[in-house]
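K.L.:
The listed protein sequences derive, respectively, from chains A, B and C.
Under our numbering, think of the first position of the first sequence as 1, with each following residue one higher.
Under our numbering, think of the first position of the second sequence as 71, with each following residue one higher.
Under our numbering, think of the first position of the third sequence as 457, with each following residue one higher.
The hints are simulated quantities; they were obtained by calculation from the structure and are not laboratory data.
There may be inaccurate statements among the hints.
[Said to hold, decoys possible] Restraint ranges, calculated between C-beta atoms of paired labels, are given here:
(1) C:Glu514 - B:Glu369: 31 to 41 Å
(2) C:Gln518 - B:Lys346: 21 to 31 Å
(3) B:Ala449 - C:Lys532: 39 to 49 Å
[To be verified] 30 Å max Cα-Cα, derived BS3-like pairs, lysine-lysine:
(4) B:Lys264 - C:Lys609
(5) C:Lys497 - B:Lys250
(6) B:Lys253 - A:Lys42
(7) C:Lys512 - B:Lys264
(8) B:Lys261 - C:Lys517
(9) C:Lys609 - C:Lys624
(10) B:Lys253 - C:Lys497
(11) C:Lys493 - B:Lys253
(12) B:Lys250 - C:Lys489
(13) C:Lys624 - C:Lys600
(14) C:Lys489 - B:Lys253
(15) B:Lys264 - C:Lys489
(16) A:Lys28 - B:Lys376
(17) C:Lys497 - B:Lys264
(18) B:Lys346 - A:Lys42
(19) B:Lys261 - C:Lys512
(20) C:Lys549 - B:Lys261
Remember, predicted model here, so these are calculated numbers, not experimental data.
Even for Gly, the Cβ is constructed at its ideal location relative to N, Cα and C.
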Amino acid sequence: MITGSIAGIGAGLAAIGAGIGIGQIGGKAMEGMARQPEAAGKIQTAMLIAAAFVEAVALFGVVVAFLGTK
Amino acid sequence: MDLSHIFNLKKSLHIAFCAVFIACSSLAGRAQEHDNTNDPHVTRSEMNAPHEEKEEDISATILHHIADAHEWHFWGHGEHKVSIPLPVILWTENGLVAFMSSKHDENDHGTEIFEEKGQQLVNYHGKYYYPAATKDAHGAYVALDENAVPNNAKPFDISITKNVVSLFLSIIFLVLIFTKVAKSYRVREGKAPKGLQSLLEPIILFVRDDIARPQLGHRYAAFMPYLLTVFFFVWLNNLMGLIPFFPGGANVTGNISVTMMLALCTFILTTINGNKSYWGHVFTPHVPWWLYPLMIPVEIIGLFTKPIALMIRLFANITAGHILILSLISLIFILKSVLVAGIAVPFVLFISVIELVVGFIQAFIFTILSALFIGMAVAEEHVEHH
Amino acid sequence: MTILALNPLVSPDPGLFIWSTVAFLLLFFLLSKFAWKPIVKALDERERSIEDALAKAEMAKQEMAKLTSENEQLLKLARAERDEMLKEARILKDKIVGEAKDAAQLEGAKMLEKAQQEISSQKAAAVAEIKGKVAELSIQIAEKVLRQQMADKSKQEALVSDLLKDVKLN
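Same shape as in the complex, but just chain A (with noise of 0.2 Å):
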């Protein structure tokens, strides 16, 4: 029998959703920088920034994991 906390799950389900976010962000960056190569520098600065947003709310989740456990 698996015991464990729940929370665990919410985490998860939290990384999957900004996993498919932080895809997504890169995808279209590649892609850009392929259409522009000129302007690879500008894109990676702002694929790293809104990367950074989807991630928090996958930290965030991972937090609430963290709070809920112990």
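Following the hints, position chains B and C against chain A.
P.N.:
Chains B and C only, in chain A's frame:
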């Protein structure tokens, strides 16, 4: 932003070697530590405990490694312990109480009340509390709540903990490094950079040209000292956190108090530098007036979520990296087979190298988001297109 | 705060918060004063000096180009002047040569004329002399012939008669 000029330094080979070295020594250090837990001379109640309790012990060990401590622990337990004791400073009901952590750390189960300067205290899992009136079931003078957290009143703890020592060490490193660099700028004025100066100059220029200027425009110069300080502070502490032994090993940027302090600095800078258009955007947003009751609270909450997200992001990223490395190492002890090391060690090496990059990226993200928020606060009003 | 106290990992520690604030502010002031100020200043100065040098180089280049174009202009002008001068010289030469030729021709013609006059006068003198000589000789010859013919009387009479025959009285 072009990271390649930083990663393509000649030193990248050095960095790779350092990473391998760090990872290997982290393995050595941690393996040794856990070897001691399996040492028959060390009598631990968990030794013959059922499987579930063993796993619980491992997650407690991981959390213990990530958390702050009153001593700088190297290896061993009980009499075999090797550690640097650090001063404990408590602001109690009887005034300031200070003692070395080694003095009262034998009993951390709260079963023994000790007295310092007429103040009665108990040590429960490395934290100091006022003793409860009665003993609990395990003989400890603590009153636990339903989450096994003591309800006891506790003195205000301003001890020099492991993280504080690590913080000051990192500050000494930073001041030494950058005063040296500043001196070489003075000595070699107008000449090409050399040595340490040429290693750090591209990074300083990176902060200026790729972080400050794009976000802050022509006002960047005033915020350069703050952004540079934050960047190098976060970066160095991220890297020091990856070193498993002294002077690294403290989880400074993975501690929510430190990231809270950093986020608060950005929040204060944003708030005091906010101009008319910034506050106007908060209190008179460009929506029909009947939406104000909805929009103004949202905008005000938005002011606070930005630094909170900043705080959580750095804390959670660094902590997650540490937990990942420790968990992979713990796999050896969970599965109780040394053969697992064949898989766990390359994985730890891989994650450690990724953590080196994450350490840089998180420092960059923290700095660029700080610059972005400050830039939003100081940006001049644009012509609105309705 | 009760919910934050659930896990020690996510509960901020006031002591550490205070120490980290002290440490960070200390770091900020130390680095701002002793590191960032000189470094940023040095970097800005270097950048400015590089920009200045580039601007100066650009200016020098323009100056150079201007100078070159000026030189070119001058050269062109000089070349045009030279061409002009050469042309003038050629014209002058032609003129001089032509004049000299004319003068020589004139002189030659004059001399020729003079020579011809001389020749003709000499010739006339010679002809006149020869004429005189011939007349004298012919008179002498005629005298001698006459003397021989008139030696006898008959022949004188025949002649007179002959002459008289030719003479007609009209």
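K.L.:
Are the hints correct? Go through all of them and say.
P.N.:
Status of each hint after checking the structure:
1. At about 49 Å, the beta-carbon gap between Glu514 of chain C and Glu369 of chain B misses the expected band of 31 to 41 Å.
2. Distance hint check: the CB atoms of Gln518 of chain C and Lys346 of chain B are about 46 Å apart, inconsistent with the given range 21 to 31 Å.
3. Range check, Ala449 of chain B to Lys532 of chain C: Cβ separation about 58 Å, and the 39 to 49 Å hint is violated.
4. Annotation: proposed proximity of Lys264 of chain B to Lys609 of chain C is violated, straight-line Cα distance about 162 Å (limit 30 Å).
5. At roughly 15 Å between alpha-carbon atoms, Lys497 of chain C and Lys250 of chain B fall within 30 Å of each other, so this suggested pair holds.
6. Distance hint between Lys253 of chain B and Lys42 of chain A is unfulfilled; the C-alpha atoms sit about 34 Å from each other, more than 30 Å.
7. About 26 Å separates the Cα atoms of Lys512 of chain C and Lys264 of chain B, which keeps this hinted pair within 30 Å; it holds.
8. The hinted pair formed by Lys261 of chain B and Lys517 of chain C meets the criterion: a straight-line CA distance of about 25 Å does not exceed 30 Å.
9. For the proposed pair Lys609 of chain C and Lys624 of chain C, the alpha carbon gap of about 24 Å is at most 30 Å, so the pair holds.
10. Under the criterion of a C-alpha separation no larger than 30 Å, the hint pairing Lys253 of chain B with Lys497 of chain C is consistent with the structure, at around 12 Å.
11. For the proposed pair Lys493 of chain C and Lys253 of chain B, the alpha carbon gap of about 11 Å is at most 30 Å, so the pair holds.
12. Under the criterion of a C-alpha separation no larger than 30 Å, the hint pairing Lys250 of chain B with Lys489 of chain C is consistent with the structure, at around 13 Å.
13. Distance check on the hinted pair: Lys624 of chain C and Lys600 of chain C sit about 29 Å apart at the alpha-carbon level, within 30 Å; holds.
14. Taking the CA atoms of Lys489 of chain C and Lys253 of chain B, the gap is near 12 Å; set against the 30 Å cutoff, the hint holds.
15. Among the hinted pairs, Lys264 of chain B with Lys489 of chain C is consistent with the structure: their alpha-carbon atoms are about 22 Å apart, no more than 30 Å.
16. Taken as a hint, the Lys28 of chain A and Lys376 of chain B pair is honoured in the structure, with Cα atoms around 25 Å apart against an allowance of 30 Å.
17. Note on Lys497 of chain C and Lys264 of chain B: the hinted pairing holds, with a Cα-Cα distance of about 17 Å set against a maximum of 30 Å.
18. A hinted pair counts as satisfied when its Cα atoms are at most 30 Å apart, and Lys346 of chain B with Lys42 of chain A qualifies at roughly 29 Å.
19. Annotation: proposed proximity of Lys261 of chain B to Lys512 of chain C holds, straight-line Cα distance about 19 Å (limit 30 Å).
20. With a C-alpha separation of about 68 Å, the suggested pairing of Lys549 of chain C with Lys261 of chain B is violated against the 30 Å cut-off.
This entry does not satisfy hints 1, 2, 3, 4, 6, 20, going by the numbered hints stated previously.
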